[in-house]
Structure formats: C-alpha cells, structure tokens
Amino acid sequence: MEIKLLRQLFEEGVLLSASVAPAPMSEGKWVMTCSKANGATEHVTRVRDNHVKQYRSLVGAIADAKHIGFQEIKLIIP
385 MEIKLLRQLF EEGVLLSASV APAPMSEGKW VMTCSKANGA TEHVTRVRDN
435 HVKQYRSLVG AIADAKHIGF QEIKLIIP
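Under our numbering, the first residue of the sequence shown is numbered 385, with each subsequent residue one higher.
These are computed hints drawn from the structure, not numbers from a lab. Everything hinted at is true.
Only pairs whose alpha carbons sit at most 16 Å apart, straight line, appear in this in silico EDC-like list of lysine to aspartate or glutamate:
hint	residue 1	residue 2
1	Lys450	Glu386
2	Lys458	Glu426
3	Lys437	Glu426
4	Lys437	Glu386
5	Lys437	Asp448
Hey, can you work out the whole structure from these sequences and the hints?
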C-alpha cells in the first residue's frame, strides 16, 4: 500500500505498528510492513508500479515510517 494511504490509515487509528525486516532474496535491502487493528498486514509499496518497496538503508525505512506517523518501529535483524 502506498505511503499516502498508509498515512491516512494511521491518522484514522487503523494502523497499530510498523516493522522493518530484510527483503527476501535481496541482499542488503529492507522491506516495511504495517499491522492493522483487524490483524491484517500491509507492505509499503512503490507509487509507480505497486511493487513492494525495497529500501537500500534503514534510514530510508525509518524516514517513511516517521512520515506515516509512527514514532517507533520493530526491527527484525537477519
């Protein structure tokens, strides 16, 4: 889901938490997922093609999490 939509869901209280984990089959890259109140999860996706967004650094993932509205994230270490 795009960051803009995730931000709206956060403001509505639908999103509970965010976690950043190593991207599968992509050395050195990261993906972020957001947990919803109903138990579902949403991956952060790119605007241009709706594929799961892969971050080259944790700094980028943290910046997006902050933009969505989160003050903390869970980091899953490989």
